[in-house]
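Peer 1: Position chains H and B relative to chain X; hints supplied.
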Amino acid sequence: MLTLLSYVAIAAQAMTAALTAGQRSMDWFGVCVLACVTALGGGTVRDIVLGHYPLYWVANPYVLLLASGAALLTIALAQFVDRLRWPFLLLDALGLVVFTIIGCNVAMQSGSHPIIVLVSGMVTGIVGGVLRDVLCNDVPLVFRSELYATVSLATAAVYYLGLKAGLNAELVSVAAASFGFAFRVAALIWHWNMPKFVYDKDLR
Amino acid sequence: MLTLLSYVAIAAQAMTAALTAGQRSMDWFGVCVLACVTALGGGTVRDIVLGHYPLYWVANPYVLLLASGAALLTIALAQFVDRLRWPFLLLDALGLVVFTIIGCNVAMQSGSHPIIVLVSGMVTGIVGGVLRDVLCNDVPLVFRSELYATVSLATAAVYYLGLKAGLNAELVSVAAASFGFAFRVAALIWHWNMPKFVYDKDLR
Amino acid sequence: MLTLLSYVAIAAQAMTAALTAGQRSMDWFGVCVLACVTALGGGTVRDIVLGHYPLYWVANPYVLLLASGAALLTIALAQFVDRLRWPFLLLDALGLVVFTIIGCNVAMQSGSHPIIVLVSGMVTGIVGGVLRDVLCNDVPLVFRSELYATVSLATAAVYYLGLKAGLNAELVSVAAASFGFAFRVAALIWHWNMPKFVYDKDLR
Numbered sequence: 215m216l217t218l219l220s221y222v223a224i225a226a227q228a229m230t231a232a233l234t235a236g237q238r239s240m241d242w243f244g245v246c247v248l249a250c251v252t253a254l255g256g257g258t259v260r261d262i263v264l265g266h267y268p269l270y271w272v273a274n275p276y277v278l279l280l281a282s283g284a285a286l287l288t289i290a291l292a293q294f295v296d297r298l299r300w301p302f303l304l305l306d307a308l309g310l311v312v313f314t315i316i317g318c319n320v321a322m323q324s325g326s327h328p329i330i331v332l333v334s335g336m337v338t339g340i341v342g343g344v345l346r347d348v349l350c351n352d353v354p355l356v357f358r359s360e361l362y363a364t365v366s367l368a369t370a371a372v373y374y375l376g377l378k379a380g381l382n383a384e385l386v387s388v389a390a391a392s393f394g395f396a397f398r399v400a401a402l403i404w405h406w407n408m409p410k411f412v413y414d415k416d417l418r
Numbered sequence: 215m216l217t218l219l220s221y222v223a224i225a226a227q228a229m230t231a232a233l234t235a236g237q238r239s240m241d242w243f244g245v246c247v248l249a250c251v252t253a254l255g256g257g258t259v260r261d262i263v264l265g266h267y268p269l270y271w272v273a274n275p276y277v278l279l280l281a282s283g284a285a286l287l288t289i290a291l292a293q294f295v296d297r298l299r300w301p302f303l304l305l306d307a308l309g310l311v312v313f314t315i316i317g318c319n320v321a322m323q324s325g326s327h328p329i330i331v332l333v334s335g336m337v338t339g340i341v342g343g344v345l346r347d348v349l350c351n352d353v354p355l356v357f358r359s360e361l362y363a364t365v366s367l368a369t370a371a372v373y374y375l376g377l378k379a380g381l382n383a384e385l386v387s388v389a390a391a392s393f394g395f396a397f398r399v400a401a402l403i404w405h406w407n408m409p410k411f412v413y414d415k416d417l418r
Numbered sequence: 215m216l217t218l219l220s221y222v223a224i225a226a227q228a229m230t231a232a233l234t235a236g237q238r239s240m241d242w243f244g245v246c247v248l249a250c251v252t253a254l255g256g257g258t259v260r261d262i263v264l265g266h267y268p269l270y271w272v273a274n275p276y277v278l279l280l281a282s283g284a285a286l287l288t289i290a291l292a293q294f295v296d297r298l299r300w301p302f303l304l305l306d307a308l309g310l311v312v313f314t315i316i317g318c319n320v321a322m323q324s325g326s327h328p329i330i331v332l333v334s335g336m337v338t339g340i341v342g343g344v345l346r347d348v349l350c351n352d353v354p355l356v357f358r359s360e361l362y363a364t365v366s367l368a369t370a371a372v373y374y375l376g377l378k379a380g381l382n383a384e385l386v387s388v389a390a391a392s393f394g395f396a397f398r399v400a401a402l403i404w405h406w407n408m409p410k411f412v413y414d415k416d417l418r
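Here the protein sequences line up with chains X, H and B, keeping their order.
If you number the first sequence the way my numbering does, the last residue is 418 and the count never jumps.
If you number the second sequence the way my numbering does, the last residue is 418 and the count never jumps.
If you number the third sequence the way my numbering does, the last residue is 418 and the count never jumps.
Chain X with its partners taken away, still in its complex shape (with noise of 0.2 Å):
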């Protein structure tokens, strides 16, 4: 199930990537790679800090042609693409919460420290999207945007302390996917904010 949606997330995140690469202009192949780079970044970078081999996208590289695939598909329908503002809005959703919640699986079962579930939970759910905007030139929007990691955040402490409570597995798994997309859509619809930090002097 959540395998099932791991791939419905990755579709998501590989098509969001490729609509960014469209608004740069980049060749089919720069959106392929920044479409995987997307969709399979945060997980890359939870394994290799976790040290947790062979990478899953190593293992099953299946899904690269399946964020390649999206990829390309998003391509073909473009034009028809910002009729889809709220679909695609919803999937990404679906995504973040989806990976936060596999995040915090694969720390667990390596024993690790709470904090460092937490921390792995919301990697896998926000550095795809930090590589995109890197790759693109940009200032990463999650720094900057409505509650994208703060959901990724709470998603993974519901779902770690649903867990600790000694609640069913699965349940906690809907619960925390549940409670994370609707807090995640209720920041869209309602513009939630971070407090901004702005400092304006320079020290250097």
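No lab work stands behind these hints: they were computed from the structure.
Each residue gets a CB set at the ideal place from its N, CA and C atoms; glycine is no exception.
Keep in mind that the hints are not guaranteed to be accurate.
Stated by the list, open to error - Computed footprint of chain B on chain H, listed as stretches where at least three residues anywhere in the stretch have a Cβ under 8 Å from a Cβ of chain B:
| no. | stretch |
| --- | --- |
| 1 | 235-243 |
| 2 | 247-258 |
| 3 | 343-354 |
| 4 | 369-380 |
| 5 | 407-413 |
As the list claims (entries may be wrong) - Simulated crosslink set (DSBU-like; lysine-lysine; CA at most 30 Å straight-line):
| no. | chain 1 | residue 1 | chain 2 | residue 2 |
| --- | --- | --- | --- | --- |
| 6 | H | Lys410 | B | Lys410 |
| 7 | X | Lys410 | H | Lys415 |
| 8 | X | Lys415 | B | Lys410 |
Peer 2: Frame of chain X, contents of chains H and B only:
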């Protein structure tokens, strides 16, 4: 033979990186770092992704001196370099195909899936240039310019299929390298490009 | 002692990173992430490159709280910070030499080649700042500004040669740190710079 060519490739990539660093007015140290990252970054990322330790430049640290030396030599010779555009481009094309073949070999030695063999070749061939462009605050050229990554992918495919067909390994190396080199030079001469994906709406 | 100084160094680098984040109007979460990446990124890249697992912040996750706490404190105190330019620069210089010495130690414990010991020291000292600048969409300062990386390299060389000469390890640590600190402060006061390589033609 491949080892010798890889030294040529490292020097060539270090030299083009040094010129890019000069366009950003980096200091001599920055030039050396950018040269090392560009020349060795593809292999480093490949080794980390495949869990292939020790990294090849940790095992053989003299390649750091080679890349730094090539970069400093470029600073000394910079005034003559504009007459050397084509030698540079040819050396760079050689580096691309040599790195690609080395990357395929590393993945095959660890018994990876065919898709991972191709990805390993491409990562080794092009990631150095991607890191160079990220550190220079550019959108990576490889996502937008003449067939560079495509040449790497095609070279890897020819090499892999040749070996799978049971042909002599040295013959396949030479054939794949020659094919890739000719492909890249042709792309430079006739300005072959991948089709671009241009998308100018803002989804967010 | 070195452990204690490393906490001071982590806090100092987190605080300067927070100010940089404020110049980009990041939200509080982004400030904390940038602080963690800057303060812990150098050691992380070193550990990944050397295959030295678990990463030190995975083994000791409280340093993440230390870096985040220092960043949030910086937000609270931002209005007073411009009077603190020199304390900041001095703490940052301390962080540079402490991180460099720690990096040399890690490489020496795994029996690395002398070149790798120096590189490990430099990576630990400067990569955090490079990652900070990449995430903030800048060409890394360390490639262009006063002798920062050079101080790290010189500190590592003094430390390594002192130990090789058979001197007392604590004495060598103090001597290398003092030398590096004085070198950095002198470079700041008298604006010492590496020569720059300026190249303004376009090869491509």
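Peer 1: Decide, hint by hint, whether the structure agrees.
Peer 2: Outcome of the hint check:
1. Counting residues of the stretch 235-243 of chain H whose C-beta lies closer than 8 Å to any C-beta of chain B gives 9; at least three are required, and the coverage claim holds.
2. Here's how the stretch 247-258 of chain H fares: 3 of its residues keep a CB closer than 8 Å to some CB of chain B, so the rule of at least three is met and the hint holds.
3. Only residues whose C-beta sits within less than 8 Å of a C-beta in chain B count toward coverage, and the stretch 343-354 of chain H has 4 of them, enough to reach three; the restraint holds.
4. Only residues whose C-beta sits within less than 8 Å of a C-beta in chain B count toward coverage, and the stretch 369-380 of chain H has 0 of them, not enough to reach three; the restraint is violated.
5. Remark: the stretch 407-413 of chain H is not confirmed as covered by chain B, as 0 of its residues place a Cβ nearer than 8 Å to a Cβ of that chain, below the required three.
6. For the hint pairing lysine 410(H) with lysine 410(B), the CA-to-CA distance comes to about 36 Å; that exceeds 30 Å, so the pair is violated.
7. For the hint pairing lysine 410(X) with lysine 415(H), the CA-to-CA distance comes to about 27 Å; that is within 30 Å, so the pair holds.
8. For the hint pairing lysine 415(X) with lysine 410(B), the CA-to-CA distance comes to about 27 Å; that is within 30 Å, so the pair holds.
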